[in-house]
Amino acid sequence: NTRSWQLEIARSWNVYLPHLSNIRAGLVWAVEELQSDLAYRYLGSIRGLWNDFGLHGQEFPLVERVLALPPPQDRATLLRALLVSANTMSGTGQFEALEVRLHEILALCRELNDVESMAWARLGLAELAHDSGQGERAWEIEQRIIRELQERIGVGLPTRKQQTLR
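Each number in the numbering used here comes from the position in the sequence shown (counting from 1) with 15 added on.
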């Protein structure tokens with residue numbers, strides 16, 4: 016429910032805000048020391064925190080520095096980092112680059128069979144289509160997402176991510 020979500024965000028502000036500069040410094044250190052795997056893991060982990068604090072736009076240069084490092088061996092770690100990158104591109108109005116990134120994410124989602132992240136990427140494509148005046152294309156994308164999630168979730172209990180996507 017919305018109230019519990021708001022309380023959770025408020026708690027994260029109280030818990031993480033005093034440490035935000037240190038958390039960011041850790042990621043900067045990993046990039047500067049060319050600790051590629053660590054930087055990618057760090058970036059993927061920081062996504063929720065950046066969401067709560069609305070930092071995606073301002074952190075775009077740091078995200079690009081991470082993605083300039085060699086990609087990690089673990090494809091799921093790469094996916095999480097690319098999802099952060101998509102958020103930063105959206106927050107900085109780089110819509111053409113965002114569309115390319117979302118297709119890159121979709122390909123990786125197919126490889127990993129990550130249906131939920133695939134739905135998030137498709138929602139991004141639907142939003143781009145809608146914003147560029149392609150409402151019918153956006154509707155088709157959204158209907159496909161709904162069908163695939165219904166097939167995936169079935170009658171079982173959805174995960175938190177699946178609840179949000181619904």
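Just so you know, the hints here were simulated from the structure itself, not pulled from any lab data.
Fair warning: this is a prediction, and the values are worked out from it, not measured in the lab.
Glycine is no exception: its CB is placed at the ideal position from the N, C-alpha and C atoms.
A portion of the hints provided could be inaccurate.
Said to hold, decoys possible - Have a look at the derived ranges for each label pair, beta carbon to beta carbon: (1) E48 <-> E155: 40 to 48 Å; (2) G148 <-> V115: 35 to 43 Å; (3) G63 <-> E166: 36 to 44 Å; (4) G72 <-> Q149: 40 to 48 Å; (5) V43 <-> E166: 41 to 49 Å; (6) R162 <-> D52: 33 to 41 Å; (7) E126 <-> G63: 36 to 44 Å; (8) R159 <-> V30: 20 to 28 Å; (9) I161 <-> S60: 16 to 24 Å; (10) H34 <-> R152: 15 to 23 Å; (11) R162 <-> S36: 43 to 51 Å; (12) R152 <-> N37: 37 to 45 Å; (13) G148 <-> S60: 19 to 27 Å; (14) Q73 <-> E119: 21 to 29 Å.
Now the hints, each set against the structure:
{"no.": "1", "hint": "E48 <-> E155: 40 to 48 Å", "in the structure": "46 Å, holds"}
{"no.": "2", "hint": "G148 <-> V115: 35 to 43 Å", "in the structure": "20 Å, violated"}
{"no.": "3", "hint": "G63 <-> E166: 36 to 44 Å", "in the structure": "27 Å, violated"}
{"no.": "4", "hint": "G72 <-> Q149: 40 to 48 Å", "in the structure": "25 Å, violated"}
{"no.": "5", "hint": "V43 <-> E166: 41 to 49 Å", "in the structure": "42 Å, holds"}
{"no.": "6", "hint": "R162 <-> D52: 33 to 41 Å", "in the structure": "36 Å, holds"}
{"no.": "7", "hint": "E126 <-> G63: 36 to 44 Å", "in the structure": "23 Å, violated"}
{"no.": "8", "hint": "R159 <-> V30: 20 to 28 Å", "in the structure": "38 Å, violated"}
{"no.": "9", "hint": "I161 <-> S60: 16 to 24 Å", "in the structure": "29 Å, violated"}
{"no.": "10", "hint": "H34 <-> R152: 15 to 23 Å", "in the structure": "42 Å, violated"}
{"no.": "11", "hint": "R162 <-> S36: 43 to 51 Å", "in the structure": "44 Å, holds"}
{"no.": "12", "hint": "R152 <-> N37: 37 to 45 Å", "in the structure": "44 Å, holds"}
{"no.": "13", "hint": "G148 <-> S60: 19 to 27 Å", "in the structure": "37 Å, violated"}
{"no.": "14", "hint": "Q73 <-> E119: 21 to 29 Å", "in the structure": "23 Å, holds"}
Hints 2, 3, 4, 7, 8, 9, 10, 13 from the list above are not met by this structure, while the remaining hints are.
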